[in-house]
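A.B. asks: What follows is each chain in one-letter form.
2 protein chains.
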Amino acid sequence: MASERKFWNQKTFSLVTGASQGIGECIAVEFCKKFGPGSTIVLTARSREGLESTKKQILENSPNINVQVECCDLSKPDMKTLEEMAAHGTKGEVYDLYLLVHNAGSEGGGHLALEMTDLAYWQSYMTVNVYSAPILMQAFLNQVPEGRKKCVVNISSLAAVQPISGLGSYCVGKAAREMYYRVLAEENPDLEVLNYSPGPVKTAMIDRIINNLGGEVRSNFVKMRDEDSLVKPHDTIAKLITLLAQGGYKSGSHLDYFDP
Amino acid sequence: MASERKFWNQKTFSLVTGASQGIGECIAVEFCKKFGPGSTIVLTARSREGLESTKKQILENSPNINVQVECCDLSKPDMKTLEEMAAHGTKGEVYDLYLLVHNAGSEGGGHLALEMTDLAYWQSYMTVNVYSAPILMQAFLNQVPEGRKKCVVNISSLAAVQPISGLGSYCVGKAAREMYYRVLAEENPDLEVLNYSPGPVKTAMIDRIINNLGGEVRSNFVKMRDEDSLVKPHDTIAKLITLLAQGGYKSGSHLDYFDP
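Just so you know, the sequences run in chain order A and B. Number 254 in the working numbering belongs to position 254 of the first sequence; there are no gaps in the numbering. Number 234 in the working numbering belongs to position 234 of the second sequence; there are no gaps in the numbering.
These are computed hints drawn from the structure, not numbers from a lab. Since we're looking at a predicted model, the values are computed, not measured. Hints may contain errors.
If several chains are the same, the list does not tell them apart, and a pair holds so long as it fits within one copy or across any two.
[Said to hold, decoys possible] Think about it this way: if two alpha-carbon atoms lie no more than 20 Å apart in a straight line, the pair counts; the simulated EDC-like pairs of lysine to aspartate or glutamate are:
(1) K76 <-> E115
(2) K80 <-> E115
(3) K202 <-> E187
(4) K80 <-> D118
(5) K6 <-> E192
(6) K11 <-> E93
With these hints in hand, go ahead and build the complete structure from the sequences.
C.D. replies: In structure tokens, the structure reads:
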């Protein structure tokens with residue numbers, strides 16, 4: 001058995017984006033079970049209803065976690081708003097571990113690469129999925145006192161490292177976002193950065209791809225759904241929890257659910 | 001010796017972006033020496049003066065090539081303008097090979113990843129370096145008659161696959177652009193796509209990095225300059241010409257000057 005470092009069971013301040021549903025919801029609920037006494041989690045997404053539902057699940061499982069719900073739209077990322085959101089969460093408390101999980105993202109319209117000629121679409125898609133990441137990162141890090149352990153998990157994708165027909169915007173956005181975090185890791189040795197690719201997870205995003213897209217990408221996902229080979233959120237988050245418990249990867253690495 | 005396919009010495013229609021200087025200038029001059037009779041090259045960039053200088057060099061070496069000079073600003077990419085530019089080049093002629101070389105790009109402001117929080121900067125940088133690529137691609141392909149051989153070379157970088165401290169925008173832009181071309185290759189089996197990383201080439205871009213940036217990235221380039229270990233444009237373009245002559249790579253591949 002691989003030896004573990006001290007990561008979980010500390011007094012943790014965490015912020016999870018896209019926490020209203022799917023992978024983000026599962027991360028929030030499962031991570032809170034691993035946090036130590038006095039921990040706080042800030043749940044953000046656009047939908048207050050979804051966030052309140054995630055909060056309810058957290059409190060049923062982990063009644064001692066302080067849970068904050070903050071509606072936030074990353075299509076209009078604003079440093080002041082994001083800083084206030086993070087500061088509102090910490091309330092000036094000092095924590096042992098500061099953990100940002102940037103999970104929010106959208107799958108894009110499923111245009112073919114030859115049709116990706118709409119500048120306004122690019123700018124809107126990349127703002128939500130890429131440009132908001134550095135603003136969120138800085139807003140979060142501004143809350144971390146000198147010398148405290150800090151970690152960011154980017155929920156990445158196989159699409160960051162491998163092209164997928166019919167998912168051009170998704171691939172470009174994920175590749176750009178992951179490279180941002182890789183440069184961040186190079187430049188900030190005191191920040192732990194993990195790009196985690198969760199596999200094809202059974203969430204509403206897969207349903208949207210099946211309902212809205214055509215071609216090979218749709219049929220691949222239909223096949224995975226019908227064969228029940230999509231990854232279950234709990235399984236991929238359990239792997240993520242283990243990876244973080246073990247550490248030992250190079251900061252900035254891309255680790256995948258299917259890695260041995 | 002590796003066997004060669006038929007690629008050079010055909011009647012070729014080519015369009016080279018960023019052809020006014022540096023790598024683009026060298027590509028234009030050296031590729032024209034390899035084109036067959038009746039070939040046309042369209043040289044584009046912002047600077048007419050630089051393009052005219054490239055044209056002069058081409059005609060000194062390859063007097064039978066039809067050379068068109070077209071000023072073009074990819075910070076405001078417009079389908080109609082780019083289509084007219086490409087159509088103006090072909091003049092309705094039919095060619096055996098249609099070859100787009102998308103070399104134009106900018107190195108970015110050298111912000112640290114933590115400082116990349118300016119949305120307007122992102123949008124402007126990514127428009128020139130990424131979003132213009134699909135518009136250019138479609139404008140070019142609209143000139144290619146059914147069934148003719150077509151190829152696009154994206155001048156990529158090590159920065160597309162490896163993070164470099166101090167060059168965050170450059171890395172993100174190159175990663176995003178290369179992924180765009182990789183998806184394009186997946187979706188269009190009749191189009192040959194090559195992402196070519198030319199190595200650290202002795203051009204004005206390196207001078208700008210040395211003059212404008214600080215830190216480790218500057219000192220690395222200063223060291224390479226002072227040790228004369230920067231790659232000479234002719235050497236990297238000779239390698240590119242050989243790779244295209246040989247073919248045999250998977251369309252969409254990232255090939256590097258330093259690959260064995």
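A.B. asks: Indicate, hint by hint, whether the structure satisfies it.
C.D. replies: Hint check:
1. Within a single copy, K76 and E115 get their C-alpha atoms only as close as 25 Å, which misses the 20 Å cut-off; across copies the closest is 18 Å, which meets it.
2. With identical chains, the CA atoms of K80 and E115 are at most 20 Å apart between copies only, with a shortest distance of 15 Å across copies and 36 Å within one.
3. With identical chains, the CA atoms of K202 and E187 are never at most 20 Å apart, being 35 Å at best within one copy and 25 Å at best between copies.
4. Taking the closest pair of Cα atoms, K80 and D118 come within 20 Å of each other only across two copies (13 Å); inside a single copy the shortest separation is 30 Å, beyond that limit.
5. In this assembly of identical chains, K6 and E192 lie within 20 Å of each other by CA distance solely inside one copy; the values are 14 Å within and 50 Å between copies.
6. Taking the shortest alpha-carbon separations for K11 and E93, only the intra-copy value of 10 Å comes in at or below 20 Å, while the best inter-copy value is 71 Å.
The structure shown violates just one earlier hint, number 3.
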